[in-house]
Every structure is written in C-alpha cells, then in structure tokens.
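*Asks:* Taken in order, these protein sequences are the chains called A and B. Counting from 0, one number per residue, gives the positions in the first sequence under numbering that gives the first Met the number 0. Counting from 0, one number per residue, gives the positions in the second sequence under numbering that gives the first Met the number 0.
Hints in this document: simulated from the structure, not taken from any laboratory. Check each hint, because a few of them may be wrong.
Stated by the list, open to error - Pairs of lysine to aspartate or glutamate residues, derived as EDC-like cross-links and limited to a Cα-Cα distance of at most 20 Å, are as follows:
#1 B/K58 <-> A/D185
#2 B/K27 <-> B/E5
#3 B/K110 <-> B/E32
#4 A/K60 <-> B/E32
2 protein chains.
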Amino acid sequence: MPNPIEFYFDLSSPYAYFARHAIEPVAKRLGREVAWKPIMIGAAFKASGNVPLVQQPMKGKYSVHDWGRMGRLMNVPWVLPKPFPIATLAGARACYWQDAQNPARAVALAKTLFDAYFGQGIDISGAAKVAELAEPLGIARADLLAAIEAPEWKQKLKTETEGAIERGVFGAPFFFVDGEPFWGVDRLPMLEEWVKRGGF
Amino acid sequence: MPNPIEFYFDLSSPYAYFARHAIEPVAKRLGREVAWKPIMIGAAFKASGNVPLVQQPMKGKYSVHDWGRMGRLMNVPWVLPKPFPIATLAGARACYWQDAQNPARAVALAKTLFDAYFGQGIDISGAAKVAELAEPLGIARADLLAAIEAPEWKQKLKTETEGAIERGVFGAPFFFVDGEPFWGVDRLPMLEEWVKRGGF
Numbered sequence: 000m001p002n003p004i005e006f007y008f009d010l011s012s013p014y015a016y017f018a019r020h021a022i023e024p025v026a027k028r029l030g031r032e033v034a035w036k037p038i039m040i041g042a043a044f045k046a047s048g049n050v051p052l053v054q055q056p057m058k059g060k061y062s063v064h065d066w067g068r069m070g071r072l073m074n075v076p077w078v079l080p081k082p083f084p085i086a087t088l089a090g091a092r093a094c095y096w097q098d099a100q101n102p103a104r105a106v107a108l109a110k111t112l113f114d115a116y117f118g119q120g121i122d123i124s125g126a127a128k129v130a131e132l133a134e135p136l137g138i139a140r141a142d143l144l145a146a147i148e149a150p151e152w153k154q155k156l157k158t159e160t161e162g163a164i165e166r167g168v169f170g171a172p173f174f175f176v177d178g179e180p181f182w183g184v185d186r187l188p189m190l191e192e193w194v195k196r197g198g199f
Numbered sequence: 000m001p002n003p004i005e006f007y008f009d010l011s012s013p014y015a016y017f018a019r020h021a022i023e024p025v026a027k028r029l030g031r032e033v034a035w036k037p038i039m040i041g042a043a044f045k046a047s048g049n050v051p052l053v054q055q056p057m058k059g060k061y062s063v064h065d066w067g068r069m070g071r072l073m074n075v076p077w078v079l080p081k082p083f084p085i086a087t088l089a090g091a092r093a094c095y096w097q098d099a100q101n102p103a104r105a106v107a108l109a110k111t112l113f114d115a116y117f118g119q120g121i122d123i124s125g126a127a128k129v130a131e132l133a134e135p136l137g138i139a140r141a142d143l144l145a146a147i148e149a150p151e152w153k154q155k156l157k158t159e160t161e162g163a164i165e166r167g168v169f170g171a172p173f174f175f176v177d178g179e180p181f182w183g184v185d186r187l188p189m190l191e192e193w194v195k196r197g198g199f
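The following block holds chain A by itself, in its conformation from the complex (with noise of 0.2 Å):
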C-alpha cells in the first residue's frame, strides 16, 4: 500500500476549501488514498508569525479577490464567510471522533462543514451547529455533542496540531506525500509531477 497523501487544513481556511474539492481527482490519478487531518491553524500561525491573510493589508485584499474567481475558476459556490476567520474546534474534533469509527464518515463530515461554511457562509463554530449539520450523515447529534467535549478528541486535536507544527507546517493547506511537503492549493500539479516521477 502506498502512502497516503496527508492533508492539513482548517476548516476555516479558504484555501483549504478548494483544496477540499480539488484533491481527490488528483489523488485518484495517484493511486493513493487521502489523509485528512484537521488542525488549529492558529497555532500554527503562532508558531510561524503568520496572521491571518484578511488582517494583512494589501494581501488581503488580493486575497479576497482571488478566492471569489478560484470558485469561478474551479465551478465551487464560494462565498466569504461572516464572521471570518472562525474557530472551528468543535467541527475538528468531531472529525477525529468519527474517523476512529468510520473513516468515510469524516470525510463526508469535513466536506460537510467546509461546503456549509465557504459554500453557504453558515457559522461552523459552534457545537450545535457542527451537530445539526452532522445528522443527515448519520452521526447522533447526542453523541456528536458529548465526543467534543471529551478529552481524548480534544487531545487528538491538540496533538495532530503540535505533531503538525513540528513538521513544519505553516499555512493550510499543507500535503505531505512520502514525506515531502507542499503547501498551498496550487502546489497540487507539482505534487502531482513529484510522485509521478518519484521526486525531482
């Protein structure tokens, strides 16, 4: 079995969105399967002395810009979020709860949250929310609720982040793929081209 591609996002992280829609054709052409890992990209800016791109003047701007036509570009809906960025705990933790149980699940949850949040410009900070828009997958809102506040998920996502940091990464998306790190969305064609020709 090949490795996986790992995937870090946030589920606050536009970029991450697309990559979202955008990383498994590419994956499939690969042959590998998709590791998706959310983390707390705040600490990750932190670490790094990144700050977020909508605080930074100028940048932020152009990015607001060029998120709107990446969803034309790309055919996703797109809209910009209010409130923007969020902290979105609640939705990772419950990722991680249910990749344990099943794996497909959380990955339909992440799309779930991401599409909700960048698609329809829903708020995906709060518990409640993360649970309503778990129930059509199957997930009991009861036990959604109850995973979140456990310790086990809340050190899983405190670890994934911390384990994330170490490995140098700074912004979301972030992909490893046999150890060799790529971030951002436009990095997948270079991705694409380095497992294809094993490196370069």
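Got chain A; can you put chain B on it based on the hints?
*Replies:* Below, chain B without anything else, positioned relative to chain A:
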C-alpha cells in the same frame, strides 16, 4: 494591439527568477507582449507588512527547500545566493534606462542579472558588477554607471515602485493583464486561463 502582461519583479526575488523563466512561453501562447517592470520589493513589503521569506520562521525553511525543487522541476539553474536578499537598485535603474532606448536589450539585461544572481550566486547589488555583466550585451560601462546615478532613473524606479504599491503589489512576481492582478509564479496557469476565457 492587446495589452501586455505586466510583470513586476525584484531582481532579488527567487519566485520572480522562476517567473522570468516561465513568463515568455505563456505570453507567446496568449499573443501578448511582456512589460518587464523591476521594482524595489522592500518598499512593497513595508507597505503591506510583509517580510522576506528567509526571515520567516518555518516558511523560510520551506521556501529554501521549495526553491531548490522549483529549479529541478523547471530544469533551471538554481543556487541560494549569499548574501540574500540584496538591494537591486543598480540593476533595476539600469533596466529602465535601457528600456527607454532599447527595450529588447533591457529584457536581456534583466535576464542576465537574474541568472547571474540565482543561477550562479553572483552578488549583483553593486553598480560595478551590473556594468560588468551588462558589457557583453553591448552596453557601455561608463554610460551604465552614469545612468545608475542619474536623477531621471532614480526617480523612474521610485515612481514605478510607488505605482506598483498603489495598484496593490505586495510581493513578487506580480502580474497584471487587462487590469487583473495575479500574484506568484504559481498563478501563471490561472492567468493564462483568464486571458483565454476573457475572464471568469
């Protein structure tokens, strides 16, 4: 005559160096000219709160790794020069001076300076070195040294840099085509698609 692709760069920007090797085939396919516009990226960084990549924790280390593989992927010579980054006032002024009399030679000079710095690791910050590298292009040493110190070309570089910042340029390479902004060498495929479709 369709508008040119405006290519803003600093001769000390690694990703602009890679764009220098990538932009012409794109422009050719689109039937567009390239307007080569050196600027002082430090001023744009100051305006946008940006800092040079190598000074950023984590992102700096990733960038150094990325530049090496960009060179291998594009099959373009690459060395991480020392010192890096450098001030490229002399080279940039020389380019504008040449552009006023012989635009093709100005482009050749920009390429020569880029390739000396990032292809061979030659420090191009000094006027004497710029003049030495320009000589094989048929540019008289004394004329170039005088031009670099002339108020006209000092002001031209200042004006172009300020104009770029006013247009929202916060990094390099930065492109405009028909007024649409694109930041980064990774965005050339999007730029190409944009022109082909007449926007999206």
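*Asks:* Compare the structure with each hint and give your call.
*Replies:* Against the structure, the hints come out as follows:
no. : hint             : result
1   : B/K58 <-> A/D185 : 16 Å, holds
2   : B/K27 <-> B/E5   : 14 Å, holds
3   : B/K110 <-> B/E32 : 16 Å, holds
4   : A/K60 <-> B/E32  : 27 Å, violated
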